[in-house]
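**Student:** Residues per chain, in single letters:
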Amino acid sequence: MKPVPFTYVRAESVEQAVDALRAHGGEAKLLAGGQSLVPALNMRLARPSVLVDLNRVPGLDRIDEENGGIRIGALVRQSAAERAQLVHERCPLLAKSLPLVGHFVTRNRGTIGGSIAHADAAAELPLALVALAGSVITTLRTIPAADFFVGHFTTALADDELVVASTWPRARSGEGSAFGEFAPRHGDFALASAACVLRVENGAVAEARLAVGSVTDRPELLDVEPLLGRPLDDDGVRSLGTAAAAAVDPPPNLHGSPRYRRALLGTLVERALRTAWARATETPS
Amino acid sequence: MTALEVTVNGRTHREDVEPRLLLSDFLRHTLGLTGTHVGCEHGVCGACTIRLDGAAVRSCLLLAVQADGCTIETVEGLAANGELHPLQAAFREHHALQCGFCTSGILMAAANLLEQDGTPTRDEIVDMLSGHLCRCTGYEPIVDAIAQVAGTS
Chain A
1 MKPVPFTYVR AESVEQAVDA LRAHGGEAKL LAGGQSLVPA LNMRLARPSV LVDLNRVPGL
61 DRIDEENGGI RIGALVRQSA AERAQLVHER CPLLAKSLPL VGHFVTRNRG TIGGSIAHAD
121 AAAELPLALV ALAGSVITTL RTIPAADFFV GHFTTALADD ELVVASTWPR ARSGEGSAFG
181 EFAPRHGDFA LASAACVLRV ENGAVAEARL AVGSVTDRPE LLDVEPLLGR PLDDDGVRSL
241 GTAAAAAVDP PPNLHGSPRY RRALLGTLVE RALRTAWARA TETPS
Chain B
1 MTALEVTVNG RTHREDVEPR LLLSDFLRHT LGLTGTHVGC EHGVCGACTI RLDGAAVRSC
61 LLLAVQADGC TIETVEGLAA NGELHPLQAA FREHHALQCG FCTSGILMAA ANLLEQDGTP
121 TRDEIVDMLS GHLCRCTGYE PIVDAIAQVA GTS
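Chains as they are written, first to last, in this note's numbering: chain A, 1 to 285; chain B, 1 to 153.
The hints are simulated quantities; they were obtained by calculation from the structure and are not laboratory data. Predicted model only: the values in this text are computed from it and were never measured. The beta carbon of each residue, even a glycine, is placed where N, CA and C say it ideally should be. Any given hint could be a false lead.
[What the hints assert, rightly or not] Cross-link-like lysine to aspartate or glutamate pairs, in silico, DMTMM-like; alpha carbons within 25 Å at most:
(1) A:Lys2 - B:Asp68
(2) A:Lys96 - A:Asp19
(3) A:Lys96 - A:Glu282
(4) A:Lys96 - B:Asp16
(5) A:Lys96 - B:Glu5
(6) A:Lys29 - A:Glu66
(7) A:Lys96 - A:Asp223
(8) A:Lys2 - B:Glu5
(9) A:Lys2 - B:Glu18
(10) A:Lys96 - B:Asp127
(11) A:Lys96 - B:Glu124
(12) A:Lys29 - B:Asp117
(13) A:Lys96 - B:Asp68
(14) A:Lys29 - B:Glu83
(15) A:Lys2 - B:Glu15
(16) A:Lys29 - B:Glu73
(17) A:Lys2 - B:Glu73
[Claimed, not checked] Sample of chain A residues lacking proximity to chain B, with all beta carbon distances greater than 12 Å (derived):
(18) Asp53
(19) Leu157
(20) Asp188
[What the hints assert, rightly or not] Chain B regions said to be covered by chain A (calculated; three or more residues, Cβ under 8 Å):
(21) 1-11
(22) 18-24
(23) 77-86
(24) 90-97
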């Protein structure tokens with residue numbers, strides 16, 4: 001339960017971190033909050049020969065308004081985002097998903113950028129980012145969230161590219177969102193998860209986005225065409241729940257069979273749709 | 001070896017450490033502060049929780065070199081002038097510990113929670129405790145103790 005020896009590089013700038021990645025090829029790993037990487041080091045599942053610590057890189061820990069939405073620096077701690085007024089005002093879906101990430105103590109250290117770059121298939125932040133059609137800003141380009149996540153622990157990042165920030169679009173008027181997951185205990189890896197955004201206009205669903213996670217190897221958007229142009233009703237909710245369960249093929253794990261996880265997903269999708277609709281149609285007080 | 005300067009419970013230490021040395025092992029083995037416990041060593045059990053520049057964190061998920069220039073508080077620093085910290089006194093009163101293995105980590109996390117949100121509800125306390133495993137108490141006495149200090153019991 002101790003890491004193998006490695007060379008430690010404390011990067012003082014993004015450029016230094018990129019240089020270190022280039023100099024060491026695939027042998028180097030980036031260290032942000034370390035809440036996933038250090039367990040892997042301790043268990044020797046990861047044996048990088050070089051560790052590039054990003055925690056002293058200045059300028060990556062800001063939350064800023066951008067185009068009405070928010071831009072969150074890669075090193076912003078999950079707990080800082082959880083407490084940020086801007087996140088609650090502009091991006092309620094993110095605000096709802098953050099308390100589900102790990103635990104109070106791990107969120108004090110874990111970062112927004114690290115969770116995104118780690119790309120665990122059961123992680124909350126990648127799912128919320130895909131549901132909201134956000135983007136990942138790297139040292140080289142801006143990547144739409146749906147293209148960033150390639151598979152479990154796999155992203156579109158090149159070997160010498162790192163996540164600098166993520167951008168989260170603002171919730172618009174008439175919009176409601178919901179995030180649901182089921183884990184055996186709070187903070188455990190979810191067995192199934194769903195995130196939903198609905199925009200309601202004149203009593204009908206004008207736009208919808210529904211993403212599912214944990215049961216797939218990355219956050220996946222589902223077809224919501226049948227919901228559009230009419231109010232959300234029981235038939236619509238149930239048929240989408242059934243369709244979601246049928247669309248995925250999760251592997252069994254210690255806590256549930258594929259059939260159980262599909263059933264969970266169907267229920268979570270139904271609840272997320274109903275909650276998002278209720279929030280979108282609430283009369284503002 | 002990498003040079004490290006860190007202030008722990010008000011005292012400054014300068015040591016040369018291997019980069020792979022975990023902060024939990026630095027505290028226990030290099031400094032002899034064995035009040036910080038090591039359970040799972042992969043961030044699940046919460047026993048090794050300490051405060052780094054005020055934030056409660058898992059010391060088994062940090063490298064000692066990452067704490068260079070930082071201020072650390074461990075359970076040894078909670079009591080002041082021989083007086084138990086209010087959380088420690090409440091834990092004793094409510095029998096919120098038996099074997100004590102999980103206690104130091106929970107105390108450090110609870111102290112952080114109370115500073116950040118002076119009046120956490122029972123639900124918020126339970127949510128915080130989800131990151132700490134206790135095999136003795138069944139958790140209820142721990143919630144009672146923290147809620148008493150928070151004034152929300």
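**Student:** Next step is simple, just say for each hint if it's right about the structure.
**Tutor:** Against the structure, the hints come out as follows:
{"no.": "1", "hint": "A:Lys2 - B:Asp68", "result": "holds (20 Å)"}
{"no.": "2", "hint": "A:Lys96 - A:Asp19", "result": "violated (37 Å)"}
{"no.": "3", "hint": "A:Lys96 - A:Glu282", "result": "holds (17 Å)"}
{"no.": "4", "hint": "A:Lys96 - B:Asp16", "result": "violated (43 Å)"}
{"no.": "5", "hint": "A:Lys96 - B:Glu5", "result": "violated (39 Å)"}
{"no.": "6", "hint": "A:Lys29 - A:Glu66", "result": "violated (30 Å)"}
{"no.": "7", "hint": "A:Lys96 - A:Asp223", "result": "holds (23 Å)"}
{"no.": "8", "hint": "A:Lys2 - B:Glu5", "result": "holds (22 Å)"}
{"no.": "9", "hint": "A:Lys2 - B:Glu18", "result": "holds (12 Å)"}
{"no.": "10", "hint": "A:Lys96 - B:Asp127", "result": "holds (14 Å)"}
{"no.": "11", "hint": "A:Lys96 - B:Glu124", "result": "holds (15 Å)"}
{"no.": "12", "hint": "A:Lys29 - B:Asp117", "result": "violated (36 Å)"}
{"no.": "13", "hint": "A:Lys96 - B:Asp68", "result": "violated (34 Å)"}
{"no.": "14", "hint": "A:Lys29 - B:Glu83", "result": "violated (45 Å)"}
{"no.": "15", "hint": "A:Lys2 - B:Glu15", "result": "holds (19 Å)"}
{"no.": "16", "hint": "A:Lys29 - B:Glu73", "result": "violated (29 Å)"}
{"no.": "17", "hint": "A:Lys2 - B:Glu73", "result": "holds (23 Å)"}
{"no.": "18", "hint": "Asp53", "result": "violated (6 Å)"}
{"no.": "19", "hint": "Leu157", "result": "holds (23 Å)"}
{"no.": "20", "hint": "Asp188", "result": "violated (9 Å)"}
{"no.": "21", "hint": "1-11", "result": "violated (count 1)"}
{"no.": "22", "hint": "18-24", "result": "holds (count 4)"}
{"no.": "23", "hint": "77-86", "result": "violated (count 0)"}
{"no.": "24", "hint": "90-97", "result": "violated (count 0)"}
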